[in-house]
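Turn these sequences into a full structure, and let the hints steer you where they fit.
Protein sequence lines, in the order shown, are assigned to chains W and R. Last residue of the first sequence: 268 in our numbering, with the numbers rising by one and none dropped. Last residue of the second sequence: 539 in our numbering, with the numbers rising by one and none dropped.
Note that these hints are calculated values from the structure, not bench results.
Below, a list of computed lysine to any residue pairs in the SDA-like style, where the Cα atoms sit at most 20 Å apart:
id, chain 1, residue 1, chain 2, residue 2
1, R, Lys82, W, Asn40
2, R, Lys323, W, Arg197
3, W, Lys94, R, Lys77
4, W, Lys41, R, Gln84
5, W, Lys32, W, Pro5
6, R, Lys318, W, Gly259
7, R, Lys323, W, Gly133
8, W, Lys94, R, Glu73
Take a look, some chain W residues computed to stay more than 12 Å from chain R by CB distance:
id, residue
9, Leu7
10, His44
11, Gly147
12, Arg190
13, Ser205
14, Tyr235
15, Thr240
16, Val265
Even glycine gets a Cβ: it sits at the ideal position worked out from N, Cα and C.
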Amino acid sequence: MFLNPLLKTAIPVTAPCIAPDCFSGKSVKEIKALTVYYGNKEKHLQDLFDIKDDGQDVITLGSVPTVKYIGKGMTAGSIVVKGDAGMHLGAEMKGGRITVEGSVSDWAGAEMKGGEIFIAGNAGHCLGGAYRGSKSGMNKGLIVVKGNAGTEVGGLMKKGIIVVEGTLGDAAGCNMKGGTLICYGRPGDRLGAFMQRGSIVLYESPYLLPTFTYNAVYNPTWLRVFLRELAKTPYKIPITQGHIEGAYRRYNGDISELGKGEILVFQG
Amino acid sequence: MIIRNGTVHDPANNINGEKMDIFVEKGKIVDESDLKDTREIDASGLLVMPGGVEIHTHIAGSKVNIARIMRPEDHRKDVVKKTQYRRSGTGYTVPTTFTIGYRYAEMGYTTVWEAATPPLGARHSHEELMDIPLVDKGIFTLMGSNYFVLKYTEEGEFEKLKNFVAWLLYATRGYAVKIVNPGGVENWKWGKNVNSLDDTVQNFNVTPREILKNLARAADELHLPHSIHIHCNNLGSPGNYAITKETIEMLAPYRRHITHIQFNSYAGEDWATFTSGGSDIAAVLNKSKNVTCDVGQVIFGDATTMTADGPWQHTLFKLSGNKWANSDVEMETGAGIVPYKFKKKNVVNAIQWSIGLEVLLLTKDPYKVFLTTDHPNAGPFYFYPHVMELLMSKKKREEMIEKVHPLVKERSALSSIDREYTLSDIAVVTRAGTAQALGMTAKGHLGAGADADISIYNFDEENIQKSFQKAAYTIKDGVIVVKDGNVVADYMGRTYILDVKADLSEEEKRIFSKYYTVQLANYPVEDAYLPRKEVVTCA
Chain W
1 MFLNPLLKTA IPVTAPCIAP DCFSGKSVKE IKALTVYYGN KEKHLQDLFD
51 IKDDGQDVIT LGSVPTVKYI GKGMTAGSIV VKGDAGMHLG AEMKGGRITV
101 EGSVSDWAGA EMKGGEIFIA GNAGHCLGGA YRGSKSGMNK GLIVVKGNAG
151 TEVGGLMKKG IIVVEGTLGD AAGCNMKGGT LICYGRPGDR LGAFMQRGSI
201 VLYESPYLLP TFTYNAVYNP TWLRVFLREL AKTPYKIPIT QGHIEGAYRR
251 YNGDISELGK GEILVFQG
Chain R
1 MIIRNGTVHD PANNINGEKM DIFVEKGKIV DESDLKDTRE IDASGLLVMP
51 GGVEIHTHIA GSKVNIARIM RPEDHRKDVV KKTQYRRSGT GYTVPTTFTI
101 GYRYAEMGYT TVWEAATPPL GARHSHEELM DIPLVDKGIF TLMGSNYFVL
151 KYTEEGEFEK LKNFVAWLLY ATRGYAVKIV NPGGVENWKW GKNVNSLDDT
201 VQNFNVTPRE ILKNLARAAD ELHLPHSIHI HCNNLGSPGN YAITKETIEM
251 LAPYRRHITH IQFNSYAGED WATFTSGGSD IAAVLNKSKN VTCDVGQVIF
301 GDATTMTADG PWQHTLFKLS GNKWANSDVE METGAGIVPY KFKKKNVVNA
351 IQWSIGLEVL LLTKDPYKVF LTTDHPNAGP FYFYPHVMEL LMSKKKREEM
401 IEKVHPLVKE RSALSSIDRE YTLSDIAVVT RAGTAQALGM TAKGHLGAGA
451 DADISIYNFD EENIQKSFQK AAYTIKDGVI VVKDGNVVAD YMGRTYILDV
501 KADLSEEEKR IFSKYYTVQL ANYPVEDAYL PRKEVVTCA
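So, in structure tokens, the structure goes:
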């Protein structure tokens, strides 16, 4: 299915129906009649998109920087965005794969419980985060960002993996309760604030909060296994043999909380 | 209006399942001879009951609003769309004001009572009550740890205390005296609590026993329609059924209402030996007079605990690790809020669940024990139909017992109880009994002169929960507000207040101006906050 946006607009479009679960079993005519919100106005999908059946199960979208909730809660299937995507991409998704060839806005993969999101450009704030008030954010799944990411990446994350190849904004991994956050660029301030458990792996030296204490320089066994497996994914994550075999400085924290989280800084 | 051929359950007038007509004229139920309005509702095959009267719920005021602010995740999962007759909102454990009104009315409830208003928050409570449509409402005023109450109890000045209680009910436009963990809330200001009826309150030489006795006597001597409404000491702690029993017994012969008694019916010495004290409490209720209680039945799933019992909320915060809000209301009381989740497979939660049902089923007189979930402390109010189903069907109870923690069978008597509630029993614990305990003569029955608050259900014995969840009709003051489970009209209910009149003495005024952060002139709630007030005479 190919969806090409008919108009360039600054008005947000709320379209949680753009998901394989919703499209499956529906004819093109039924898909065209699905409800979306254009600002606060109810519209049909065909009012905003030129919908063509290209005979494939994959949902392909043009550049849709203001379309929100693409792939919300999807459990299987695949979505490809040939450009930018709006907020809440893949929020609460449970399975399947979303590929974005441009950048995405905030809350991508928020509270996701499975599946994979690949972002070739930059990601916004609260990537894989928890909605306000929730007990946990991302819970299983994989997010790979080739560019930079905004603030509060992986906030309240419980399980799963986030890889950011560019820089991280402030408060990355705040309140983390588990899972792994890997960053190849420079991380922002207050990294891992209030984290209870979980791991943050860095390849550039960070500015750490005083509530993280230095433990040792070593090569974590789990990371060797972990990086080898991660290198098998199709996303070309720049993992080298040096990363697998090299030494890392380990800090534990946040000691103002439980203190069972760890920050591993690559030393070479 | 004539409601034709319904199967009427009106236990207050000894009508139990008779086929008869009900006549409504100008918002009241009348005899056939006085009828002029000849519109008809065909109720053949339907169940007709008086409108539900909720005796204890937390729906308006400062602590409810703090809970709304601190639980955005709660609103997100239950979004309510607007229709032609109703506003949009959110639901689940702390619904928006309008949604509260709609959901009560959809279940056939027509009167609700906000059970704990700090006097300083009374204006706020009434403002929110103005936004709760369709139902009649009112507030209970918190007094158990009020500075003046403690002072006069200490000094033995009963007449001054009585005068102050009357003035506070007038100033807050309250309806009853609510007492929460007497003495304990005051002690919490120093990080402490009280653990027995004879512990001393910090800086006041008084005990919870004296506070309770004085307020119970004051409520009786002022002829308040509802007795004192007590949230006992030691709430939530294992072994607390003893203090509940003592409270009920030592307050005789005064009238007393023990609220959410489930939270105060725990036996055992600690969390590991936690067992049900439900049968002991039911035995005390069976042999005592002038006592009523509501259960606070646990509903599995999300809840938001909110109470003026600050020390207990801190304990719960430490136990659960969930977020916590604490609030101190200067001279008067305090409050705490902690979200909580009752889990079927948690042994303590499962036993708590069984205790509520045990008390409801083992108390012989249904006029003594009422159905509540202490919304939203033990669960949201719109799960009442689920509890009704469990009360009416032993089979459903057994199904539930199989799903919960297996220790329930050993530590609670629930699985051995055969009693099944009749429809009339349900009508008592949700309508007739609560109205009687609240002293509301025009509610809870369908005799001539009663308010035309009527709920009509399409009752199916196989599907009791569904039958009570959405009323076929809810009629409020003769106006059809709900039809087929949907709100079909906007209607403003009354606010019930008392005709008590009292003034503060010069000394009290001096203390007030010295220690309160507000001026006395700004303290009492004005009539502007009562769009439809109904004054009840104390006699």
